[in-house]
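Chemist: Sequence:
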Amino acid sequence: MLNVYEYFKKMQDEDIILYFKGEITDSLLTSILQLIDDKLEKKIEDSKVKKKVFSILLECLQNIYNYYQHQEEDQHWNTAILMIKKTEGAYFVITGNYMRNERVEKLRSKLIKVNNMTPEELKEYYKEILNANKAESDTGGAGLGLIDIARKSGEKIDYSFDVVNEKHCFYSLQVKVPLTTL
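In my numbering, the protein residues as written are 196 to 377.
It cannot be assumed that every hint is accurate.
[Stated by the list, open to error] With a Cα cut of at most 25 Å, we get these calculated SDA-like pairs of lysine to any residue: (1) Lys362 x Asn273; (2) Lys234 x Pro314; (3) Lys351 x Glu361; (4) Lys280 x Leu213; (5) Lys305 x Phe365; (6) Lys301 x Lys245; (7) Lys245 x Tyr214; (8) Lys245 x Asn273; (9) Lys351 x Ser250; (10) Lys371 x Glu361; (11) Lys281 x Tyr354; (12) Lys245 x Ser222; (13) Lys216 x Arg298; (14) Lys362 x Thr220; (15) Lys322 x Glu297; (16) Lys281 x Ser355; (17) Lys245 x Lys362; (18) Lys245 x Phe215; (19) Lys246 x Asp233; (20) Lys371 x Met278; (21) Lys234 x Ser250; (22) Lys308 x Glu254; (23) Lys246 x Glu350; (24) Lys351 x Pro314; (25) Lys280 x Tyr260; (26) Lys362 x Arg298; (27) Lys351 x Asp221; (28) Lys280 x Ile211; (29) Lys308 x Ser367.
FYI, nobody ran anything at the bench for these hints, they're computed from the structure. Just so it is clear, the structure is predicted and the values come from calculations on it, not from any experiment.
Please put together the full structure from these sequences, using the hints given.
Modeler: Now the structure itself:
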(Lines of atoms letter the chains of each structure in order from A and count residues from 1; the text may use other names and numbers.)
(Lines give C-alpha, C1' and ligand atoms only; values in the text may rest on other atoms or scores of the structure.)
Protein backbone atom coordinates (compact mmCIF):
# COMPACT_ATOMS: atom_id res chain seq x y z
CA MET A 1 0.00 0.00 0.00
CA LEU A 2 1.29 3.45 -0.92
CA ASN A 3 1.89 5.98 1.81
CA VAL A 4 0.27 9.40 1.37
CA TYR A 5 3.47 11.08 0.16
CA GLU A 6 4.07 8.41 -2.50
CA TYR A 7 0.41 8.56 -3.56
CA PHE A 8 0.45 12.33 -4.13
CA LYS A 9 3.86 12.15 -5.81
CA LYS A 10 2.47 9.49 -8.17
CA MET A 11 -0.63 11.63 -8.84
CA GLN A 12 1.59 14.53 -9.92
CA ASP A 13 3.04 12.32 -12.65
CA GLU A 14 -0.41 11.64 -14.03
CA ASP A 15 -2.92 13.87 -15.72
CA ILE A 16 -6.38 13.50 -14.16
CA ILE A 17 -8.85 14.49 -16.84
CA LEU A 18 -11.99 13.87 -14.82
CA TYR A 19 -12.88 12.69 -11.35
CA PHE A 20 -16.50 12.26 -10.31
CA LYS A 21 -18.14 10.76 -7.22
CA GLY A 22 -21.91 10.68 -6.86
CA GLU A 23 -25.08 9.28 -8.30
CA ILE A 24 -25.11 8.63 -12.05
CA THR A 25 -28.31 9.96 -13.59
CA ASP A 26 -29.51 10.09 -17.18
CA SER A 27 -28.90 13.84 -17.48
CA LEU A 28 -25.50 13.57 -15.78
CA LEU A 29 -24.44 10.88 -18.29
CA THR A 30 -25.03 13.28 -21.16
CA SER A 31 -23.08 16.06 -19.43
CA ILE A 32 -20.13 13.81 -18.55
CA LEU A 33 -19.91 12.43 -22.07
CA GLN A 34 -19.96 15.92 -23.61
CA LEU A 35 -17.35 17.18 -21.16
CA ILE A 36 -15.05 14.23 -21.82
CA ASP A 37 -15.52 14.49 -25.57
CA ASP A 38 -14.40 18.13 -25.39
CA LYS A 39 -11.44 17.39 -23.11
CA LEU A 40 -10.26 14.44 -25.20
CA GLU A 41 -10.54 16.53 -28.34
CA LYS A 42 -8.00 18.93 -26.85
CA LYS A 43 -5.67 16.30 -25.37
CA ILE A 44 -5.45 13.48 -27.90
CA GLU A 45 -3.83 13.88 -31.26
CA ASP A 46 -4.67 10.36 -32.41
CA SER A 47 -8.37 10.13 -33.28
CA LYS A 48 -8.32 6.33 -32.94
CA VAL A 49 -7.20 6.56 -29.31
CA LYS A 50 -9.81 9.25 -28.60
CA LYS A 51 -12.53 7.08 -30.11
CA LYS A 52 -11.44 4.06 -28.04
CA VAL A 53 -11.29 6.03 -24.78
CA PHE A 54 -14.69 7.60 -25.40
CA SER A 55 -16.28 4.30 -26.42
CA ILE A 56 -14.91 2.48 -23.37
CA LEU A 57 -16.08 5.31 -21.10
CA LEU A 58 -19.55 5.08 -22.64
CA GLU A 59 -19.70 1.31 -22.04
CA CYS A 60 -18.53 1.71 -18.44
CA LEU A 61 -21.07 4.44 -17.71
CA GLN A 62 -23.86 2.42 -19.33
CA ASN A 63 -22.94 -0.55 -17.14
CA ILE A 64 -23.17 1.59 -14.00
CA TYR A 65 -26.40 3.27 -15.10
CA ASN A 66 -28.03 -0.03 -16.08
CA TYR A 67 -27.05 -1.54 -12.75
CA TYR A 68 -28.69 1.35 -10.91
CA GLN A 69 -31.97 0.67 -12.65
CA HIS A 70 -32.12 -2.58 -10.64
CA GLN A 71 -30.69 -1.23 -7.39
CA GLU A 72 -32.48 -0.48 -4.14
CA GLU A 73 -33.78 2.98 -3.32
CA ASP A 74 -31.16 3.75 -0.64
CA GLN A 75 -29.07 6.50 -2.24
CA HIS A 76 -25.96 5.46 -0.29
CA TRP A 77 -25.63 2.34 -2.44
CA ASN A 78 -26.15 4.32 -5.66
CA THR A 79 -22.84 6.18 -5.36
CA ALA A 80 -20.37 5.66 -8.17
CA ILE A 81 -16.90 6.91 -8.95
CA LEU A 82 -15.45 7.72 -12.32
CA MET A 83 -11.93 8.79 -13.13
CA ILE A 84 -10.15 9.24 -16.41
CA LYS A 85 -6.43 9.78 -16.24
CA LYS A 86 -3.52 9.89 -18.59
CA THR A 87 -0.09 8.52 -17.85
CA GLU A 88 2.98 8.58 -20.04
CA GLY A 89 1.89 5.61 -22.14
CA ALA A 90 -1.85 5.19 -21.73
CA TYR A 91 -5.23 6.50 -20.75
CA PHE A 92 -7.09 4.77 -17.93
CA VAL A 93 -10.85 4.66 -17.44
CA ILE A 94 -11.61 3.76 -13.83
CA THR A 95 -15.10 3.21 -12.46
CA GLY A 96 -16.50 1.91 -9.23
CA ASN A 97 -19.91 1.28 -7.77
CA TYR A 98 -21.60 -0.66 -5.01
CA MET A 99 -23.30 -3.91 -5.89
CA ARG A 100 -24.99 -6.78 -4.12
CA ASN A 101 -22.69 -9.62 -3.08
CA GLU A 102 -24.95 -12.25 -4.64
CA ARG A 103 -24.19 -10.85 -8.11
CA VAL A 104 -20.40 -10.98 -7.77
CA GLU A 105 -19.72 -14.54 -8.92
CA LYS A 106 -21.68 -14.18 -12.15
CA LEU A 107 -19.87 -10.95 -13.03
CA ARG A 108 -16.48 -12.30 -11.92
CA SER A 109 -17.00 -15.34 -14.17
CA LYS A 110 -17.70 -13.08 -17.15
CA LEU A 111 -14.61 -10.98 -16.43
CA ILE A 112 -12.39 -14.05 -16.09
CA LYS A 113 -13.76 -15.50 -19.33
CA VAL A 114 -13.23 -12.25 -21.26
CA ASN A 115 -9.73 -11.73 -19.82
CA ASN A 116 -8.69 -15.25 -20.84
CA MET A 117 -9.66 -14.78 -24.50
CA THR A 118 -7.39 -13.79 -27.35
CA PRO A 119 -8.45 -10.87 -29.58
CA GLU A 120 -9.68 -13.36 -32.19
CA GLU A 121 -11.68 -15.30 -29.58
CA LEU A 122 -13.22 -12.06 -28.29
CA LYS A 123 -14.30 -11.15 -31.82
CA GLU A 124 -15.93 -14.55 -32.33
CA TYR A 125 -17.56 -14.52 -28.90
CA TYR A 126 -18.97 -11.04 -29.57
CA LYS A 127 -20.46 -12.23 -32.87
CA GLU A 128 -21.82 -15.39 -31.23
CA ILE A 129 -23.68 -13.44 -28.55
CA LEU A 130 -24.86 -10.79 -30.99
CA ASN A 131 -26.15 -13.32 -33.52
CA ALA A 132 -27.72 -15.59 -30.93
CA ASN A 133 -29.92 -12.75 -29.68
CA LYS A 134 -29.63 -14.22 -26.21
CA ALA A 135 -31.99 -13.15 -23.46
CA GLU A 136 -31.08 -9.91 -21.79
CA SER A 137 -28.93 -10.05 -18.68
CA ASP A 138 -30.02 -8.96 -15.20
CA THR A 139 -28.86 -5.41 -15.87
CA GLY A 140 -30.68 -4.92 -19.15
CA GLY A 141 -28.02 -5.71 -21.73
CA ALA A 142 -27.05 -8.74 -23.73
CA GLY A 143 -23.67 -9.00 -21.98
CA LEU A 144 -21.71 -7.40 -24.81
CA GLY A 145 -20.28 -4.47 -22.82
CA LEU A 146 -17.34 -6.25 -21.20
CA ILE A 147 -16.46 -7.98 -24.46
CA ASP A 148 -16.57 -4.66 -26.29
CA ILE A 149 -14.40 -2.99 -23.63
CA ALA A 150 -11.78 -5.75 -23.86
CA ARG A 151 -11.80 -5.67 -27.67
CA LYS A 152 -11.42 -1.90 -27.89
CA SER A 153 -8.72 -1.56 -25.24
CA GLY A 154 -6.70 -4.55 -26.42
CA GLU A 155 -5.77 -5.10 -22.75
CA LYS A 156 -6.94 -7.24 -19.85
CA ILE A 157 -9.61 -5.63 -17.69
CA ASP A 158 -8.41 -5.00 -14.13
CA TYR A 159 -11.16 -5.37 -11.53
CA SER A 160 -11.82 -5.92 -7.84
CA PHE A 161 -14.72 -6.71 -5.55
CA ASP A 162 -14.17 -5.31 -2.06
CA VAL A 163 -16.66 -6.57 0.52
CA VAL A 164 -18.38 -3.74 2.40
CA ASN A 165 -20.87 -5.72 4.49
CA GLU A 166 -22.91 -8.93 4.31
CA LYS A 167 -25.06 -7.56 1.45
CA HIS A 168 -22.79 -5.25 -0.55
CA CYS A 169 -19.35 -4.92 -2.09
CA PHE A 170 -17.63 -2.16 -4.02
CA TYR A 171 -16.89 -3.20 -7.60
CA SER A 172 -14.12 -1.34 -9.37
CA LEU A 173 -12.98 -1.61 -12.94
CA GLN A 174 -9.85 -0.21 -14.57
CA VAL A 175 -9.40 -0.24 -18.34
CA LYS A 176 -6.10 0.70 -19.95
CA VAL A 177 -6.07 2.26 -23.41
CA PRO A 178 -2.50 2.43 -24.75
CA LEU A 179 -1.54 5.64 -26.56
CA THR A 180 -0.11 3.67 -29.45
CA THR A 181 -2.56 2.15 -31.88
CA LEU A 182 -1.81 -0.83 -34.03
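Chemist: Each hint: holds or not?
Modeler: Checked hints:
Distance restraint check for Lys362 and Asn273: the Cα-Cα separation of roughly 14 Å lies within the 25 Å cut-off, and the hinted pair is therefore satisfied. About 29 Å separates the Cα atoms of Lys234 and Pro314, which puts this hinted pair outside 25 Å; it is violated. Distance check on the hinted pair: Lys351 and Glu361 sit about 29 Å apart at the alpha-carbon level, beyond 25 Å; violated. Proximity of Lys280 to Leu213 is assessed by CA-CA distance (about 7 Å); at most 25 Å being required, the pair is judged to hold.
This hinted pair checks out: Lys305 and Phe365 have alpha carbons roughly 17 Å apart, not beyond 25 Å. With a CA separation close to 31 Å, the supplied pair Lys301 and Lys245 exceeds the 25 Å bound. Taking the CA atoms of Lys245 and Tyr214, the gap is about 18 Å. The hint holds against a cut of 25 Å. Between the alpha carbons of Lys245 and Asn273 the distance comes to roughly 29 Å, so the proposed pair goes past 25 Å and is violated.
Restraint check for Lys351 and Ser250: the C-alpha separation of about 16 Å stays at or below 25 Å, so the hint holds. For the hint pairing Lys371 with Glu361, the CA-to-CA distance comes to about 31 Å; that exceeds 25 Å, so the pair is violated. The straight-line distance between the Cα atoms of Lys281 and Tyr354 is roughly 18 Å, inside the 25 Å bound, and the hint therefore holds. The straight-line distance between the Cα atoms of Lys245 and Ser222 is roughly 23 Å, inside the 25 Å bound, and the hint therefore holds.
As the CA atoms of Lys216 and Arg298 are separated by approximately 22 Å, the hinted pair is consistent with the 25 Å bound. Restraint check: the Cα-Cα separation between Lys362 and Thr220 comes to about 23 Å, which is no more than 25 Å; the hinted pair holds. For the hint pairing Lys322 with Glu297, the CA-to-CA distance comes to about 29 Å; that exceeds 25 Å, so the pair is violated. Between Lys281 and Ser355 the alpha-carbon distance is near 21 Å, which keeps this suggested pair within the 25 Å criterion.
Only pairs whose Cα atoms come within 25 Å are accepted, and Lys245 paired with Lys362 is rejected, the gap being roughly 38 Å. Distance restraint check for Lys245 and Phe215: the Cα-Cα separation of roughly 20 Å lies within the 25 Å cut-off, and the hinted pair is therefore satisfied. Note on Lys246 and Asp233: the hinted pairing holds, with a Cα-Cα distance of about 12 Å set against a maximum of 25 Å. In summary, the hint linking Lys371 to Met278 is supported, as the alpha carbons are separated by about 12 Å, within the 25 Å threshold.
About 14 Å separates the Cα atoms of Lys234 and Ser250, which keeps this hinted pair within 25 Å; it holds. With a CA separation close to 18 Å, the supplied pair Lys308 and Glu254 stays within the 25 Å bound. Between Lys246 and Glu350 the alpha-carbon distance is near 16 Å, which keeps this suggested pair within the 25 Å criterion. For the hint pairing Lys351 with Pro314, the CA-to-CA distance comes to about 10 Å; that is within 25 Å, so the pair holds.
Restraint check: the Cα-Cα separation between Lys280 and Tyr260 comes to about 21 Å, which is no more than 25 Å; the hinted pair holds. Taking the CA atoms of Lys362 and Arg298, the gap is near 10 Å; set against the 25 Å cutoff, the hint holds. About 29 Å separates the Cα atoms of Lys351 and Asp221, which puts this hinted pair outside 25 Å; it is violated. Under the criterion of a C-alpha separation no larger than 25 Å, the hint pairing Lys280 with Ile211 is consistent with the structure, at around 4 Å.
The suggested pairing of Lys308 with Ser367 holds, with an alpha-carbon distance near 17 Å, which does not exceed 25 Å.
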